[in-house]
Amino acid sequence: MSVTYIDAIREAQETLLRDDPRVFLYGQDIAAFGGAFKATKGLVEQFPDRVLDAPISEDAMAGLAIGAALQGMRPIIEMQFADFSSIAFNQIVNHAATHFYRTGMPVPITVRLPSGGTAGSGPFHSQSMEAIYAHYPGVVVVTPATVADAYAMLIESVKLDDPVIYCEHKFLYRWLKAKSLQGDGLPIGRARITRTGRHATVVTYSAMVHEAVRAAERLQHESGWEIEVVDLRSVKPLDIDTVLASVARTGRILALGEAFPWGGVTAEVVSRVVADGFHLLEAPPMRLNARDTPVPYHPKLWAAHRPTPESICDSLRKLLSY
Amino acid sequence: MSVTYIDAIREAQETLLRDDPRVFLYGQDIAAFGGAFKATKGLVEQFPDRVLDAPISEDAMAGLAIGAALQGMRPIIEMQFADFSSIAFNQIVNHAATHFYRTGMPVPITVRLPSGGTAGSGPFHSQSMEAIYAHYPGVVVVTPATVADAYAMLIESVKLDDPVIYCEHKFLYRWLKAKSLQGDGLPIGRARITRTGRHATVVTYSAMVHEAVRAAERLQHESGWEIEVVDLRSVKPLDIDTVLASVARTGRILALGEAFPWGGVTAEVVSRVVADGFHLLEAPPMRLNARDTPVPYHPKLWAAHRPTPESICDSLRKLLSY
Amino acid sequence: MIHHSNQDSQRSGADYYRAMYLAMIQARLLENKLSSLYKAGKIVGGVYLGKGQEAVSAALGSALIPGRDIFAPLIRDQAGRTAFGEPFIDCARAYLGSALGPMKGRDGNIHRGRPQEGMLAMISHLGSAVAVVAGCLLAKRLQGKLPGAVGATCVGDGATSTGAFHEGLNMAAVEKLPLVVIVANNQFAYSTPNNRQFACEDLVDRARGYGIAGYSVDGTDFLACATVIGNAVARARSGEGPQLVVAKLLRLTGHGEHDDGSYVPDAVKAGAYGRDCIDVAEKQLLESKIITAEEIAEIREAVAVDVQAAVAQAQQEPTPDPFQEDWRAFSSDFSQP
Amino acid sequence: MIHHSNQDSQRSGADYYRAMYLAMIQARLLENKLSSLYKAGKIVGGVYLGKGQEAVSAALGSALIPGRDIFAPLIRDQAGRTAFGEPFIDCARAYLGSALGPMKGRDGNIHRGRPQEGMLAMISHLGSAVAVVAGCLLAKRLQGKLPGAVGATCVGDGATSTGAFHEGLNMAAVEKLPLVVIVANNQFAYSTPNNRQFACEDLVDRARGYGIAGYSVDGTDFLACATVIGNAVARARSGEGPQLVVAKLLRLTGHGEHDDGSYVPDAVKAGAYGRDCIDVAEKQLLESKIITAEEIAEIREAVAVDVQAAVAQAQQEPTPDPFQEDWRAFSSDFSQP
Ligand SMILES: Cc1ncc(C[n+]2csc(CCOP(=O)(O)OP(=O)(O)O)c2C)c(N)n1
Ligand SMILES: Cc1ncc(C[n+]2csc(CCOP(=O)(O)OP(=O)(O)O)c2C)c(N)n1
Ligand SMILES: [Mg+2]
Ligand SMILES: [Mg+2]
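Protein chains in written order, with our numbering: chain C, 1 to 322; chain A, 323 to 644; chain E, 645 to 981; chain B, 982 to 1318.
One should not assume that every hint holds.
[Claimed, not checked] If you anchor each label on the Cβ, the simulated ranges turn out as follows:
hint, chain 1, residue 1, chain 2, residue 2, range
1, C, A248, A, K640, 49 to 59 Å
2, E, Q760, C, S311, 50 to 60 Å
3, A, K501, B, K1126, 35 to 45 Å
[Unchecked claim] Over the 12 Å line for every Cβ pair with chain C, so calculated as not near, a few chain A residues:
hint, residue
4, I477
5, D483
6, L503
7, L508
Everything labelled a hint here was simulated from the structure, so no lab data went into it. In this text, a Cβ means the ideal position worked out from N, Cα and C, and glycines have one as well.
Can you build the whole structure from these sequences, using the hints too?
Spelled out as structure tokens, the structure:
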């Protein structure tokens, strides 16, 4: 038996609906159709009142979720693509995110963002928006990279009292498989050492974890370098301790992400590492992000826009040769 | 004669309207009323067709500007507060920002964002959103800190073919005065050394330039430290060369900003400095931002939420004592 | 403070009128005090008053049932807030920056609420409460608590131009939720007149496009507000789906106390909607013998004392101490894995 | 390729019908080819077709004047695009990822346009074109080029729920711009039926709430579309302000070619709107003797050749080379101070 990343998301929602009557799902085409990516397939049949199709109104979808959460529910809203959450931006960052600080009453909503690039998806169906949301105080932003994390972190997201932006990577949906949903029980806020190494650390998250591991394997095979890969798992809160511990071992860090290069997760990681771990560094911390253009449509351009095992290896070689 | 920062913004718009028939202004309450902050006072009388009141529709305001720009105009839209541009977010980052890359045709709009905190303004009238926009490829983000820059950079913004987010700081509106509008002619994309020094560099922008200078003066007076202050002027493009040249002289850097602490300008600055200037550093690069909560209403909380000359001095003392 | 007795069901008749009137006086006297405090430099930040809009706001607030219904007041809803049970001290604390009270000085002025008790704390972004109230009602439906409950919010004429207003109202209509939306069309959004805000003849013409009920009312007419708004709430309560009421009136003050409202033409001020709804209320209540002149005097006197007491209390209270603040935007504690 | 002759003024009568019909056949045959290419794995990414919606789209595109008017097509507007003058090769290049053509492989499929020539390049976010077209028209007004010009866009039933649609339409109404908005109500937004999208009886009921003209039309009826949409464009052109046309019809294909549309009930498919507007067009044109059976056959044959040629050309063309790309999102060069 094998279970995919999208299966895990579906299973988590089924578990949540079954175990917690406060949970309901709201999103475009998620009921009878089962969602654009089938993340809610079959759920409306089991929970007919709690899986609801939404109009094309992302702002109001988020608003509705906030209201329902204030009344004790635990809504999960599905954006059809992360890119369309730009319409829900105001409700998320100004309403949900500020509410606990302002009133003492948290807003436990979970916003599912099908994120990241796939070949041929173009500028408006490929975005990685984690840095946008993480910039704002009051929102948790999680970025599962494994099947087990996809499952466990969605369940944990819904249990958290704070609003959570759950960034699920579309590239992993059907490509990433595991034997089971069983994970290691790490909570949100804790990073994982996905691969141990001695010579350099790659800090990354979401689909790039897999590209980093590929690059690491290639470098090990080619030249014996042992690269440690840290999967942040959540970008806010960001587990800088685990990152620093890794850098303490390796002395070198590459922060890797698929998002646009200005600011973002990699900048935050590097800035925190140099603030607290400057003395640990044997080489300048490096960053590798997507290029500074919209995500291109053509598969050849797309493949050159995001980091790849090749470009990660290039960066690592530079880092290692410093 | 003295001219304030808000005068400069008004004058720039008057100059633009007078000299360029492609320019028009669109925004809530900007015509007869002259704008919430009087940045357009008297302009509708001079240019009755080109100063237009908008409905409370920020998304459509940005959309309208994009369309007008595609037809050869040079719209300037005023958001009543930067915080309300969250409603225009989609049109700005997905429509205006991507258009040149996608079609080869640039979208010369200028979006004025009355930004930053003032006492008693609270979570929704105090935000600094430069990092949000700068994250996206295709938008220029400028953050004038002086009266002359407020004038010259608004004029330059409108002349640029790319979309520009013009972040004007509300705290400076009436507080900041100059003898004239005359500046030094630095273009967008070039930082300025506002104050020279030898012992540490503070890299900042917008209202924080003045707080940094105050802190520098205090440290000089108290203990003879000579702090260099770099005003980025535009956060995208970001003039890392000027920053690196300063760090080459001082060996120490504090990146300072008024925005939320996760990511943002300070993280981008530090990450670029360590990438290219690691060998120049004699101490870990530091950051100082606002606290990680919404901007509080109460003046006492607000004053402790943003960096102040005191907290900047504290950071600098730490930086200097490393 | 004179309290609005907690109702179990929607008020009607004389009770409703009296509750409305009381709330209107409470709002007016409290807001007059806020205005003086502002002018005396005792309030930092904006002061936004509902002068001239009390009848509309009170008609809504007095028709709602605290503890059962949801109310999302906007900037000119002091009367509705009071009618819904918000004590003066909440207002005084928010404006004066007391560290006690629901917002603890973290947010101020009209950005206050008691969401735990069904009175939402507005954010500034206009129109955004509509979907949030719809969500509260959807939750109640899922929880089996919807029968007999309603949710309500007020917006201005300007807020009807927001995408949020449209998306929220359409969504509520699709879900047939008992949502009452009052548009207080005071003819201006800050300085912007209706003809720069919309092009329809009457905003109530929007109701049909959402498939919901729509009513117009003269917002300065106390009894008419009671009837139209009271009925709209009652219809929503009885399961007839969203209700839109468009009340026409005039703001009898600036947009905020910093604004003299000089852009409002004299002819408009002198026109039909320029009258003060409190004068109208008193006249109507006296004529229909629901209240006596003595009672009016008593109410005004008692309310003035309550206002004074609330402000005095808030003024003595501690302001927030940045060193005591925990500066946390998360309720979860992530420091302990 | 058979070209749509550049009109100087809006077409009418037989000319208009013939132009519409040609565009419909062009769209249908081109899209059939796209569908085959997709199924053969020759297209990466989504393929979105306008099958069943050609009459509406062509009625609009054929009523517009290229070079003078603005057109913002949406996902099911191949017919309107062609009628407005977009050559097949633009479509073929966008779908097949040619490095030539307006989007150079940077964007694909329906996200293409020639904004320099008044045909906007849509972004995916539904509803966002409405305000942009309004802006184009406002620019024309300021430039003194508005008289005789119009701007038009199509949206689906689903897109009417967006805040962008509302804000844009309201803004255009306030400015009384000659904006024509066609709502192609194909009864589904992806899988979502109308009753989960809105609660009004007919979307045309929204027109009054914006203070603009509104018309309904059977979108499968060729002649009716010509009349209603043609008239709406003519009215806008003559200065009567924004025009809303709601066309009822059915998408005769999935949402995209990846989708079998199995959620559309058989009864709906078999119902009045399930008919193919091209069949209707041919019947009506033959009956009214505007066109002969031979002409139809000739048009179909000639168009098939044009389609083949465009696809063949695009298939031979180079795809983008990442090493040649300049990877710049700014048109300004900031590297030289
Ligand atoms: C989305 C948004 N844009 C702009 C503002 C700034 N603003 C605050 S009140 C106001 C005018 C509101 O007018 P209206 O809705 O008619 O309410 P009124 O003040 O007349 O009661 C504006 C533009 C805002 N709060 N929200
Ligand atoms: C703001 C936004 N949300 C979601 C989507 C995803 N999406 C693409 S097409 C579509 C359905 C559109 O339905 P409708 O407007 O009726 O047009 P149709 O496809 O029926 O022609 C959806 C939900 C989008 N493009 N934009
Ligand atoms: Mg108003
Ligand atoms: Mg549709």
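Taking the hints in turn, this is what the structure says about them:
Checked against the hint of 49 to 59 Å, the pair A248(C) and K640(A) fails, with Cβ atoms roughly 22 Å apart. At roughly 51 Å, the beta-carbon separation of Q760(E) and S311(C) lies within the given 50 to 60 Å, and the hint holds. Between K501(A) and K1126(B) the Cβ separation comes to about 43 Å, which falls inside the hinted range of 35 to 45 Å. With a cut of 12 Å on Cβ distances, I477(A) stays outside the contact zone with chain C, its closest approach being about 25 Å.
Non-interface status of D483(A) relative to chain C is upheld: no Cβ of that chain comes within 12 Å, the nearest being about 16 Å off. Listed as outside the interface, L503(A) is consistent with that label: its C-beta sits roughly 30 Å from the nearest C-beta of chain C, beyond the 12 Å cut-off. Distance check for L508(A) against chain C: the nearest CB is about 21 Å away, which clears 12 Å, and the non-interface claim stands.
When the structure is compared with the earlier hints, a violation turns up for hint 1 alone.
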